[in-house]
Amino acid sequence: MRQPPPEIEAVGISKIFGALKVVDDVSLRLAPGTFHALLGENGAGKSTLVKCLMGVYQADAGVVRVDGTPMHAGSPREARRHGIGMVFQHFTLIPSMTVAENLVLARPDLPLIIDWKAEFTRLRDFLKQAPFQVDLESHIANLSAGQKQKVEILKELYLETRFLILDEPTSVLTPQEADEVLGFLRRLVEAGELSVLLITHKFREVMAFCDSVTVLRRGRFAGAGRVTALDPERMAAMMMGEAPEGRRVDKVPAKRGAALLQLHALRAMDDNGLEAVHGIDLTVHEGEIVGIAGVSGNGQKELLEVIAGQRAATSGHITVSGELHLPTRALLRKHRFFVLPEEPLRNAAVPRMSVAENIALRVFDKPPFREAGFLLNRASIVNFGRDMIQKFSVRPPQGDAPIGDLSGGNVQRAILSRELSSGEVRVLVAANPCFGLDFKAVDFIHDRLIETRNRGAAVLLVSEDLDELLEIADRIYVISGGNLVHETTPVDADLAVIGRQMAGSH
Amino acid sequence: MKRAESILIPFGAIAAGMIVFGIFCALAGANPLLVYASLWKAGFGSWYSWQNTLVRASPLLLCGLCTSLPARAGIIVIGNEGALVVGGLGAISAGLATLSMPPWFCLVTMGIAAMLCGGLWIAFSVALQHYRGVSAVISGLLLNYLAIAFMNQLIEGPLRDPSSLNNPATYPLTPDHRLAYFSGTHVHHGILFGVIACLIAWILVDRTTFGFSLKISGGNVRTAQLVGLPVGKLVVIAGFLGGACAGLAGMIEVAAVHGRGNESLNAGYGYVGILVAFLSRQSPLGVLVVSVMVGGLLASGGMLQRAHDLPDATITVLQGILFLFILLSDTVYGRFRTRAHINSGVKANAVAV
Ligand SMILES: Nc1ncnc2c1ncn2[C@@H]1O[C@H](COP(=O)(O)OP(=O)(O)OP(=O)(O)O)[C@@H](O)[C@H]1O
Ligand SMILES: [Mg+2]
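Protein chains in written order, with the numbering used here: chain F, 1 to 506; chain B, 1 to 353.
Derived from the structure by calculation, the hints contain no laboratory data. If a hint is listed, it holds; no wrong ones were tucked in.
Short, incomplete list of chain F residues facing chain B, as computed with Cβ under 10 Å: (1) Ala308; (2) Gln310; (3) Leu331; (4) Val339; (5) Pro341; (6) Ala349; (7) Val350; (8) Pro351; (9) Glu357; (10) Ala360; (11) Phe374.
Simulated pairs of lysine-lysine, DSBU-like, Cα-Cα distance not exceeding 30 Å: (12) B:Lys215 with F:Lys391; (13) F:Lys391 with F:Lys366; (14) F:Lys334 with B:Lys215.
Note that beta-carbon positions come from the ideal geometry of N, C-alpha and C, so glycine has one too.
Hey, can you work out the whole structure from these sequences and the hints?
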């Protein structure tokens with residue numbers, strides 16, 4: 001029988017990185033069987049705080065008590081022993097292994113010799129009563145972000161975690177998937193089997209699933225309360241302080257121009273050599289945002305990788321204004337072609353290099369960054385980085401930190417600053433650009449995308465968030481099974497039809 | 001902090017390695033403290049031993065670069081020995097073919113031939129990894145054997161000087177077609193090549209847009225592709241440059257030390273170069289310092305045998321131990337950082353209280 005969830009109490013937690021006090025004297029008490037939300041803008045210190053709870057980081061001050069007894073700090077193993085588990089913001093599955101292997105290897109009491117047959121039987125039994133299904137045999141590397149997230153959560157349930165910390169688990173899920181996952185966890189909480197600490201940027205989820213919230217602002221406690229006594233406005237105010245209302249960019253009426261970005265019968269395989277993109281034809285005109293909606297794992301990842309130059313197309317080609325486009329530096333520049341891929345730390349950044357260097361990746365070989373034909377002007381990289389960091393409010397504002405140390409949202413901002421910095425974008429391709437961003441940052445990015453479109457660029461936006469597409473796209477395609485199966489506009493969109501097309505029943 | 005770490009950790013590793021080596025010596029019946037003293041004396045104790053050290057450091061400088069340049073692009077090259085050998089063979093062939101020309105012309109031709117041979121050798125191995133997925137470690141290892149077999153073929157076959165009886169060798173270079181020595185010493189000009197190569201490599205990786213591109217594709221290939229860098233070309237060029245350095249080391253051995261091509265080409269400088277590259281954490285300036293250090297160790301090998309009755313291979317044991325500790329030390333990077341932060345945090349709190 002499952003034990004009841006423990007009571008977790010954190011008192012006066014502080015964590016310092018270098019000169020930066022990232023978490024500053026924060027306390028938190030979670031009664032058994034609660035669904036608690038932790039809110040705060042990007043870089044507020046949410047991930048750092050929960051990593052201290054989980055023992056990934058050793059807090060510089062403060063204690064964590066489990067059912068009243070202080071926990072030995074700085075040991076994830078110990079946290080596990082108390083039934084505390086965590087799904088991290090960045091995936092921690094081993095990409096080259098299968099789902100089954102990942103689930104089994106995560107067991108802390110793994111025997112020296114694994115009886116795979118028995119393990120598989122156990123896994124199948126476990127999956128029978130799990131909220132969602134995954135193929136045990138598929139390799140993690142071939143799963144989409146949404147599928148990986150489900151495996152991460154399954155792993156925790158499989159390990160019989162009783163206090164589950166989720167760091168933005170839904171930023172890679174569609175709203176439907178998110179409801180499915182959180183609804184399931186909610187039922188476990190109500191059954192008294194689980195406590196959940198959820199980090200999220202989505203007020204909708206807080207209102208629908210959580211009992212209480214704690215809000216952080218710049219590393220400090222900024223408020224708490226029961227959800228029934230709060231509303232999104234109040235929570236937003238706690239998160240941002242008395243933040244001035246930003247001016248939103250208006251979407252000017254569509255002035256659709258000439259065809260700019262075109263995909264011609266594009267085909268591509270996934271990592272297993274199976275065809276994932278089945279001959280996609282698509283045109284994006286000047287001054288429009290074309291959205292591609294779909295459930296993750298329907299070829300979006302491969303399509304985007306082909307466009308980004310990270311995967312070779314098996315046939316077909318891409319043109320910009322009728323000219324062949326290849327992912328070389330010369331053509332990227334000529335076509336003023338920019339890409340914002342998903343999982344920016346993995347796809348668009350060099351984690352070990354500094355923020356400023358990462359921001360310079362598009363321009364470092366052009367004057368003034370290049371001197372005397374081949375020398376690198378480091379000072380101008382630093383200056384440029386400083387400008388961009390300020391313009392796109394990347395925090396912390398030091399450009400010399402490795403970009404891998406930034407909070408998820410700030411990595412996204414830094415990459416965005418690189419891709420959108422030159423006001424001369426003609427083609428912009430973005431994939432789930434708002435994953436993991438706080439609401440202010442989401443507005444900020446949507447504004448930049450609309451601004452780019454208003455200036456006459458062609459914008460292709462691949463997103464699993466249908467609401468996002470309905471809000472900012474001019475035309476929407478639905479992708480399913482590697483084909484574009486449906487075309488509509490936000491005005492004419494019929495959600496029932498889109499839903500059915502996404503599910504692949506057409 | 002980071003800077004301190006990058007100096008403290010390698011030295012810590014060396015110290016730990018030396019201690020384990022001391023235990024080894026004690027077990028072999030020698031007094032470790034006296035062994036350390038002889039190591040120091042034989043490597044750096046006098047002007048004479050310094051000269052020995054520098055002679056050994058010259059090929060090490062170049063062989064260290066052979067691993068550290070491609071490492072910038074994320075590829076681990078261990079084919080240094082093979083590149084040195086083919087470089088030496090290229091050099092002697094070119095040298096023998098141009099003996100009738102003025103010495104400067106002959107030496108330049110030898111250098112170019114050596115760099116081409118070594119460069120293509122490693123470029124091939126790197127290209128195999130990038131385009132065909134064959135690990136450069138595996139191909140490098142195999143190519144080492146191939147290079148040695150090829151050398152034996154040449155010095156026992158077409159290039160063999162009939163007068164070299166039980167130690168087969170190629171025809172010799174004439175004395176005036178060999179690399180000169182600094183006057184009054186037995187240190188040859190090859191050390192200059194090594195030092196200059198390290199300085200150029202440093203500028204290349206640290207100060208040029210090319211070096212920056214290498215760092216990007218070594219740091220994250222997907223990002224390099226996204227921003228349109230020609231990843232394949234970059235890694236192959238890095239491999240070529242590294243191989244060219246090792247090839248040049250072969251030319252130095254031929255043109256300065258042996259004056260002909262023979263089995264001594266395969267003296268292990270290539271392998272020790274890998275050690276040098278890892279010790280210096282792939283930094284060209286680090287290679288400059290570490291090569292001299294390791295050169296000193298190599299120079300003291302004979303001394304250990306004579307003075308302490310230790311087997312000749314002792315110095316190889318030391319190298320192996322050091323290599324192990326260097327690889328181990330790689331895993332502690334970053335840990336001290338958090339430790340130090342914790343300490344500083346505790347202090348800050350204590351002050352606050
Ligand atoms: N290992 C680290 N070294 C140095 N600074 C760090 C490290 N980890 C986090 N930081 C800094 O601490 C701050 C808080 O980061 P954290 O990841 O906790 O934010 P977050 O609230 O989870 O934000 P997001 O919503 O964007 O994920 C950021 O400014 C980040 O740059
Ligand atoms: Mg976070």
